[in-house]
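Peer 1: Sequence:
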Amino acid sequence: GREETVFPDGTVVTVERNGDRTIVLSNGQREIQTAGFTRREYPDGAVRTVYCTGSQETRSASGTVSIRCQPGNVLL
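Counting in my numbering, the sequence shown runs from 25 upward without gaps.
Read the hints as simulated data drawn from the structure, not as lab findings.
Be a bit skeptical, because a hint or two may be false.
[To be verified] Just the calculated beta-carbon pair ranges, DEER-fashion:
| id | residue 1 | residue 2 | range |
| --- | --- | --- | --- |
| 1 | 25 | 66 | 24 to 30 Å |
| 2 | 43 | 86 | 21 to 27 Å |
| 3 | 33 | 77 | 29 to 35 Å |
| 4 | 92 | 52 | 32 to 38 Å |
| 5 | 93 | 31 | 32 to 38 Å |
Cβ atoms here follow ideal geometry from the backbone N, Cα and C, with glycine treated the same way.
Let the sequences and hints guide you as you build the complete structure.
Peer 2: Below is the structure:
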């Protein structure tokens with residue numbers, strides 16, 4: 025099934041059979057890496073997703089959503 029690696033600094037990397045990775049950092053951040061996107065979840069509840077197309081979605085802890093289709097072009 026899956027492979028899990030624990031580093032001395034407390035970082036835990038889990039690799040699934042399909043190649044998806046989940047990285048849990050010692051500072052409470054969590055990153056999910058798939059073929060279609062990379063998502064970073066912050067301890068304060070904010071989430072940043074970068075899609076394979078290069079577009080980004082940022083959701084703040086307060087619920088504000090910002091979407092960038094290309095560098096510098098903010099939609100919301």
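Peer 1: The structure should be examined with respect to each hint, and the outcome stated for every one.
Peer 2: Outcome of the hint check:
For residue 25 and residue 66, the hinted distance range of 24 to 30 Å is satisfied, since their beta carbons lie about 28 Å from each other. For the pair residue 43 and residue 86, the supplied restraint of 21 to 27 Å is violated, since their beta-carbon distance comes to about 34 Å. Separation of residue 33 from residue 77 is about 32 Å and conforms to the stated range, judged on CB atoms against 29 to 35 Å. The hinted window of 32 to 38 Å between residue 92 and residue 52 is violated, with their beta carbons roughly 25 Å apart.
One distance hint, 32 to 38 Å for the beta-carbon pair residue 93 and residue 31, holds here, with the actual separation near 35 Å.
When held up to the earlier numbered hints, the structure conflicts with 2, 4 and fits the remainder.
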